Amino acid sequence: MTQATPRQHGPLYFAWRRFAANKAAVVSGLVLMILVLMAIFASLITKTNYDEQKFLTDAYAMPSSTYWFGVDDLGRDFFSRIVYGSRISLTIGFSSALFSVLIGIPLGAAAGYYGGAVDWAVMRLIELFSVVPSLLAAMLLGALTGGGFFTIVLVAALFGWVQVCLLVRAQVKAVREKEFIRAAQALGASPGYIIWRHLIPNSVSPIIVGFVLAIPLAMMLEASLSFLGIGVPPPLPSWGQMINVGMNFMYFYWHLAVFPTAALAITVLAITLFGDGLRDALDPTLKGR
Amino acid sequence: MIRYVLKRAVSILLTFLTVSVIVFLMMHAVPGGPFDGNEMPVSKEVRDKLMASLGLDKPLYVQYFKYMWGVFHFDFGVPFQSPGETVLQLLARAWPPSLILGGLGVVIGATIGILLGIAAALRRNSWIDYVASTLATLGLTIPVFVISMMLILMFAVFLGWLPAKGWDKPNSWYLPIAAYAMIPMATYARYTRSAMLDVLNKPFVTVLRAKGLSERRIIFQHVLRNAALPMVAVFLPMFIGTATGSIFVEAMFRVPGLGAYFVSSITLRDYPLEMALILMITMMFCLAYLLTDIVYALLNPRIRFGGKS
Chain A
72 MTQATPRQHG PLYFAWRRFA ANKAAVVSGL VLMILVLMAI FASLITKTNY DEQKFLTDAY
132 AMPSSTYWFG VDDLGRDFFS RIVYGSRISL TIGFSSALFS VLIGIPLGAA AGYYGGAVDW
192 AVMRLIELFS VVPSLLAAML LGALTGGGFF TIVLVAALFG WVQVCLLVRA QVKAVREKEF
252 IRAAQALGAS PGYIIWRHLI PNSVSPIIVG FVLAIPLAMM LEASLSFLGI GVPPPLPSWG
312 QMINVGMNFM YFYWHLAVFP TAALAITVLA ITLFGDGLRD ALDPTLKGR
Chain B
97 MIRYVLKRAV SILLTFLTVS VIVFLMMHAV PGGPFDGNEM PVSKEVRDKL MASLGLDKPL
157 YVQYFKYMWG VFHFDFGVPF QSPGETVLQL LARAWPPSLI LGGLGVVIGA TIGILLGIAA
217 ALRRNSWIDY VASTLATLGL TIPVFVISMM LILMFAVFLG WLPAKGWDKP NSWYLPIAAY
277 AMIPMATYAR YTRSAMLDVL NKPFVTVLRA KGLSERRIIF QHVLRNAALP MVAVFLPMFI
337 GTATGSIFVE AMFRVPGLGA YFVSSITLRD YPLEMALILM ITMMFCLAYL LTDIVYALLN
397 PRIRFGGKS
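Protein sequences appear in the order of chains A and B. Heads up, this note's numbering is the position in the first sequence plus 71, with the first residue counted as 1. Heads up, this note's numbering is the position in the second sequence plus 96, with the first residue counted as 1.
Hints may contain errors.
Unchecked claim - Now the in silico label distances, taken between C-beta atoms and shown as ranges:
1. A:A192 x B:A105: 17 to 23 Å
2. A:A245 x B:P179: 35 to 41 Å
3. B:W165 x A:A192: 26 to 32 Å
4. B:L387 x A:K94: 38 to 44 Å
5. A:E248 x B:D389: 23 to 29 Å
6. B:W165 x A:F320: 27 to 33 Å
7. B:Y270 x A:F320: 58 to 64 Å
8. B:K307 x A:K94: 36 to 42 Å
9. A:T162 x B:L200: 34 to 40 Å
10. A:T162 x B:L325: 39 to 45 Å
11. B:E311 x A:F85: 35 to 41 Å
Unchecked claim - Stretches of chain B that chain A covers, calculated by requiring three or more beta carbons in the stretch to come under 8 Å of a beta carbon on chain A:
12. 191 to 205
13. 240 to 251
14. 381 to 390
Everything labelled a hint here was simulated from the structure, so no lab data went into it. Here the structure is a predicted model, which is why all the values come from computation and not from measurement. For every residue, glycine included, the Cβ atom is placed at its ideal position computed from N, Cα and C.
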């Protein structure tokens, strides 16, 4: 044998190669991993729980070797609150993204596969959601349901599915015309079967991309609502709510505003860059807008 | 063209009416009424009288039709939280600060963004390209109140150059305008860069170069003009977006504008104001999309009306 046989690589290998070449995305992925670990093992790396007012005599203390991020106005260790805040932010981000995908996939697949009247109806629904300012609707829904953790997840999903739906619809529309779908139709497969067994598995890339890009949107909505005081109820630690409180003290105790601001900015940025990298790696044709 | 506009107008009217019904129902489904709060502790008889005088004791559909009848005659009712004026007078009073700051922010941000985008496209992979894309990512991912917070911390708290809040003095305008400008700047830097790169790769640019036109004329007269199309599309929606952005920016910088009323109309169950604000923004978005489509078609004859949707 004089010639080495070229090694075969699957599409995942090339996706990984494209992803690894994107430095910003790799770094963001690492940051995201650290954040997730922080959220999971929050109780191991913090001295107190998020609502323990153990340091009342040291309230407003500046960051030091004892209190890494200082102590807040109610005598709670601020580092603990920031770390536990990542739990709230990430949980809301991931679960809203999950619900967005659960709403977006069936609607997008149906619109893309059936076209015609179904497509028209779905597109009108999307139009409705694009002319109503999401924040105002979220505030109204928050008032209606009394706010709280689960409401925010639902509201974020209600406005997050549009993007997933559009991505899935475009993909399904393109795949529907392929021969193997014709073949399945000719064999008598029902539309439901074709969508479930052929079209959705072929839309995995846009679904993953839509999922990841829905996370920061939900986190920003949570932070915005909590900032306005109608999000996650205290004493649950939410970064948005901490920024709102920190604003009152920022001339004297800047740490109460700086740390939650930085935490929120870093997290949202990391997930967005990671999602962009994932999108470019999984499906280079989706790049840009 | 006219047929297309008419068709769109009908669809806009339908969207508008759907939104009005949903919002009206949701608004009234929120527990509590305008006179139940701690702000206005009144006896039951007084409350019933107040509710009757405002027509709030009537069935919902009667209230809805009465309100919408008014809306189509430009009468948005009287805000409960400020009964001395009509909703329109309140808007006329509170909107200008928001419009001025938001408008200046969008215009300045868009200008800087376009310049950054051009520079980034012309000097690809240079430092200016990296600066532009970093700014674009930051501006699009960081919530506006976090940006406001960063601006206040940097320029008002640590450097002490500018006041952190207020509206009266001109130098208190810089920071809110900067906060409003971030999203337009980021969006425009991104759009301009990718649109410019698209056009720069077209064969006609090579022809222009071969003809010996100066690079400046090629960029500003030909490339930019062809790249402008996607930039037109985002301008109006972005400008309207400053209305909801004002909720945060004005709260952070203590500007007496429209922003606070978005929140208070919901928390105080101020039904007329709440309806007016949401309907107004919905209508503005609808009209903005329609206007954008028309301008788009005028600038680009390749887009045919009535083809799809």
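Evaluated hints:
1. At roughly 20 Å, the beta-carbon separation of A192 (chain A) and A105 (chain B) lies within the given 17 to 23 Å, and the hint holds.
2. In this structure the supplied range 35 to 41 Å is violated for A245 (chain A) paired with P179 (chain B), their Cβ-Cβ distance being about 57 Å.
3. In this structure the supplied range 26 to 32 Å holds for W165 (chain B) paired with A192 (chain A), their Cβ-Cβ distance being about 29 Å.
4. Range check, L387 (chain B) to K94 (chain A): Cβ separation about 41 Å, and the 38 to 44 Å hint holds.
5. Between E248 (chain A) and D389 (chain B) the beta carbon distance is about 28 Å. The supplied range of 23 to 29 Å therefore holds.
6. Look at W165 (chain B) against F320 (chain A): about 49 Å separates their beta carbons, and that is not inside 27 to 33 Å.
7. Between Y270 (chain B) and F320 (chain A) the CB atoms are about 23 Å apart, so this pair departs from the stated range of 58 to 64 Å.
8. For K307 (chain B) paired with K94 (chain A), a C-beta distance near 40 Å keeps the hint of 36 to 42 Å intact.
9. Our hint of 34 to 40 Å for T162 (chain A) and L200 (chain B) holds, since their Cβ atoms are close to 39 Å apart.
10. For the pair T162 (chain A) and L325 (chain B), the supplied restraint of 39 to 45 Å holds, since their beta-carbon distance comes to about 41 Å.
11. Between E311 (chain B) and F85 (chain A) the beta carbon distance is about 38 Å. The supplied range of 35 to 41 Å therefore holds.
12. For the segment 191 to 205 of chain B, the stated coverage by chain A is violated: 0 residues have a C-beta nearer than 8 Å to a C-beta of that chain, whereas at least 3 were required.
13. For a cut-off of 8 Å, the count of residues in the segment 240 to 251 of chain B with a CB near a CB of chain A stands at 6, and the three-residue condition holds.
14. Given as covered by chain A, the segment 381 to 390 of chain B passes the check, having 3 residues with a CB less than 8 Å from a CB of that chain where 3 are the minimum.
When the structure is compared with the earlier hints, violations turn up for hints 2, 6, 7, 12 and for no others.
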